[in-house]
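Peer 1: For the protein sequence lines, the chains are A and B, in the order given. Add 8 to the 1-based position in the first sequence for the working numbering, that's all there is to it. Add 1 to the 1-based position in the second sequence for the working numbering, that's all there is to it.
Treat the hints as calculated values from the structure; they're not laboratory data. Accuracy of the hints is not assured; some may be wrong.
As the list claims (entries may be wrong) - Counterexamples of contact, computed for chain A against chain B with all Cβ distances above 10 Å:
no.: 1; residue: Asn27
no.: 2; residue: Ile78
no.: 3; residue: Thr121
no.: 4; residue: Leu177
no.: 5; residue: Asp268
no.: 6; residue: Ile305
no.: 7; residue: Thr342
no.: 8; residue: Ser363
no.: 9; residue: Ala394
no.: 10; residue: Thr401
no.: 11; residue: Ala410
no.: 12; residue: Asn483
Unchecked claim - Facing chain A, a subset of chain B residues (Cβ under 8 Å, in silico):
no.: 13; residue: His194
no.: 14; residue: Trp214
no.: 15; residue: Pro215
no.: 16; residue: Ile217
no.: 17; residue: Ala218
no.: 18; residue: Ile219
no.: 19; residue: Cys221
no.: 20; residue: Ser247
no.: 21; residue: Asn251
no.: 22; residue: Glu254
no.: 23; residue: Arg255
no.: 24; residue: Glu257
no.: 25; residue: Val259
no.: 26; residue: Ser260
no.: 27; residue: Leu263
What the hints assert, rightly or not - Taking lysine to aspartate or glutamate and the EDC-like style, the derived pairs with C-alpha atoms no more than 16 Å apart in a straight line are:
no.: 28; chain 1: A; residue 1: Lys292; chain 2: B; residue 2: Glu222
no.: 29; chain 1: A; residue 1: Lys362; chain 2: A; residue 2: Asp175
no.: 30; chain 1: B; residue 1: Lys326; chain 2: A; residue 2: Glu281
Glycine is no exception: its CB is placed at the ideal position from the N, C-alpha and C atoms.
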Amino acid sequence: MRIVSLQVNANQLNLLNDNQKVFSFGENVNIVYSTKNSVGKTTLLRLLMYALGYPIPNTRGIQFSDYETILTVVGANNKTFVLTRNRDYIELSDGRTEKGYSLPVEQNELHSTLYGIDNLEVVDNLLGAFYVDQEKGWTLLNRGKVIGNIHFSIESLLRGLSNRTNDELSERLATVKREIQKYKHMLDVAAYKAEINQLGETAFLDSPADDIENKLEVLYCERKPIEEELSRIKSVIRKNTNFEKFITSFKLRVKAPNGDEVPVNKDTLIGYEDNVELLVARQKIYYEQLTTIDRKIASLKAQLDKEATLVDMKTSLQQFDSEISRINIDAVATQKIINKLEKERRALEEEVIKSVKQDNPLIGELHQLISSYAMRLGLDEKHVGAKSDYIFTNDLKSLSGAIFHKVVFAFKISYVKLIQKHTGVCLPIILDSPSGREVSMENVNEMMAILAEDYADHQIIIASIYNSYDFPDKNVIVLQDRLLPF
Amino acid sequence: MKSSNASASAFGWDFQSNAAIMLMLKNIERASKVKVEGQSEDVEITLADGKKLMSQVKAVVKPDDFSHVKEKLEAGLRTLNNASKLSDVEQLFFVTNSPNPFNDTKTMYKFSSPLNIVPFSELPTACQQTISDICTSEGYDFDTALLTVCVMQFHGENEDERYKVLSTLTTEFLNNLGIYRISTGSLLTLWQHSFAVNASQVTTSITKRQMVWPIIAILCEVGDDDAKLEEYDENDVTEILQKYRSVINNNSERFEFVSRVLSDYSDFHPEMKSKERTKKFTDEKWQNYKDSFDLRSANLTTVEMVIRLTITNVLRSRNVIADIKSKVKL
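Could you build the full structure based on these sequences and the hints that come with them?
Peer 2: Structure, rendered in structure tokens:
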């Protein structure tokens, strides 16, 4: 893949200046050069990555989202692609078809199409292979952050390149990592809780108001069935009254055995009055229970009002503390879970590495590449181990500044070579300030010689305050004053 | 001297309404209603025959403070003297909670029981003399034979302590009716609140009916008594009641249904003894009442239990009502 040109458009029209700027890149070596620092070399390289669709953090003074980027590249199958990025939306056009991608969700699909690589683990690790950022890049050897939150992992890359992707294992690993994060947050909460308890700041938490609220809750629960029973009795009384009125309305008269005529009404209906009295008494009993409860409710409510005027409203911090103190977390148990998960995580990681390492010819191949380049840069077995699993080393501290710089360079270009061999994709090599640190000019020249010799097919983009690199046909992009005049 | 129109303090009103309950319970067979007049500290009991028992009720907040008891006695006698002029007055009562209503420690022994009801003739001579002296000097001309002095213990913030005498009286009253399963406390509270509800109106009257019917209502609640009559297991009944209490009550309280059951029952083997008759009646007739129950979701055993419990409750309630009414002459 090769970058042809980058056009940067201002999203906001600016009447005083041009609203766009175009940077063109040569097929081979490009030097982004300025005599001074802080004129935008790093920004330009980052803009390129941004235009490629990566989530790149802003540099000082420039918000990438303020610009529209139009990047022309020669990508998969030597096709020319135009990528137009506006904030989180990027459009990929190959001259015939256009497709939009939403970032960062569809980043992998975009890059898969652009680079012409199907294995997503490889796609995921490309940037870490070909791009060396000024800040983090020169300390990234085999795993860690490339820039911002973009990760690189040698295991993942090799897994992808050797088609040994184990979804189940990596999913489990991701899950365990997520769980560890969550349990750690839980532990934080437990620690917070312990702190507020220790400071005695929970004294106000079980405030009388809470207590009263609880009592009120209980009373409302007691009240409900009584109220229902009362309304049931009322309805029976209504039915009885209607029945009596109905009977009375006929104005019936009956004859008693002694010949007396008796009108049929509520006074003469046998048992009617008792029935009425019984229901009235029942109603009274329930009503009495209800008023007793209501009296208690009223008195509690009055207390609650008093509390409210006495105690200032809880601040949101107090409220938060109160909520936290109610959460029941067993710190010891949580720590145990975390320990267990950490153990599982280590085991899984080892398993992942093992699955990559086992009988994998790529390891030897990569080691061979790294060793030979290291040798050419004047390093020996003291610095780069002779065993092939040295490439998975965690030991970075033993390497001093200049040596480390060269080791990183050897690793990076080896990745690019390996990727080219196994996918056919000829990645560019983008280096921000390779002459940094205590690297001697001699060493830098050796690095450039390797690039000129072994990477002639690759596009090289170097940002530097030196322009003396010895390359034939080098394209120098000179930056003066400001990268973008708008 | 303190006027008899002095406004009743909360304590005074409490004592007065409790004295009214006490006087009602002591005269429950003859009484028909009681009127409590807050302003004049009167309690007036109307008997079934229209005659009246007139009372003056004087409370002291501290039982050992005798400084105003004499004044209270004088004030009480003056009001009672006025009351004696009314027609139909059968008795006059002076009621107080002071253990020394005559401010004479020598006569205190006579009033040392929790409740002392002493007619004039049985008062210590010194007390009789005190009353006669007041009447003579004030020109009161009521017949002292009508006068009874009541001293009822009624002190303290603690309700158990304050209402001890009333509790005992209420328990006695219930026991006399053969009732052992009603909580004395809740019944007493119910009565006391009948007065308290109207306290703001200063004048309240409560009838015997109002006092007695709650007792009947509690006794008539469907429950263990019905279970016993039907020889059901109490636990089964508890379970049934949890679910079907409203269904049972909706029928046992409905006059139409009650009338139908009682009518059927009165034609049913009148010669039999009550308990066997009830059993036989529910055994043979319960199916006749199925139409009043809409229990589609219940199984047959449950339906039968619900209907039989309802019928039993109706029949038992009728007996309870008749029994209590006759005992208190309601």
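Peer 1: All hints, please: hold or fail.
Peer 2: Now the hints, each set against the structure:
1. Asn27: For A:Asn27, whose nearest Cβ neighbour in chain B is about 79 Å away, the distance exceeds 10 Å, so it holds.
2. Ile78: 74 Å, holds
3. Thr121: 65 Å, holds
4. Leu177: Nearest chain B Cβ is 56 Å from A:Leu177, so the label holds.
5. Asp268: Per Cβ check, A:Asp268 is outside 10 Å of chain B; nearest 20 Å; holds.
6. Ile305: 16 Å, holds
7. Thr342: Its Cβ never comes within 10 Å of chain B, the nearest being 43 Å, so this holds.
8. Ser363: Label holds. Min Cβ-Cβ 62 Å, cutoff 10 Å.
9. Ala394: Given a closest Cβ separation of 84 Å, the condition holds.
10. Thr401: 74 Å, holds
11. Ala410: 87 Å, holds
12. Asn483: At roughly 89 Å from the nearest Cβ of chain B, A:Asn483 sits farther out than 10 Å, so the non-interface label holds.
13. His194: Because about 6 Å separates B:His194 from the closest Cβ in chain A, which is inside the 8 Å limit, the hint holds.
14. Trp214: Given a least distance of 4 Å, the restraint on B:Trp214 holds.
15. Pro215: Holds: closest Cβ of chain A sits about 5 Å from B:Pro215, inside 8 Å.
16. Ile217: 6 Å, holds
17. Ala218: For B:Ala218, the interface hint holds, since the closest Cβ of chain A sits about 4 Å away, which is under 8 Å.
18. Ile219: Holds: closest Cβ of chain A sits about 7 Å from B:Ile219, inside 8 Å.
19. Cys221: At 6 Å from the nearest chain A Cβ, B:Cys221 passes the 8 Å test, so the hint holds.
20. Ser247: 6 Å, holds
21. Asn251: 6 Å, holds
22. Glu254: 5 Å, holds
23. Arg255: At about 6 Å, which falls below the 8 Å cut-off, the nearest Cβ of chain A leaves the hint on B:Arg255 intact, so it holds.
24. Glu257: This interface hint holds because 5 Å falls under the 8 Å limit.
25. Val259: 6 Å, holds
26. Ser260: 6 Å, holds
27. Leu263: At 6 Å from the nearest chain A Cβ, B:Leu263 passes the 8 Å test, so the hint holds.
28. A:Lys292 - B:Glu222: 14 Å, holds
29. A:Lys362 - A:Asp175: Holds, because 15 Å separates the two Cα atoms, which is no more than 16 Å.
30. B:Lys326 - A:Glu281: Cα-Cα ~13 Å, so holds.
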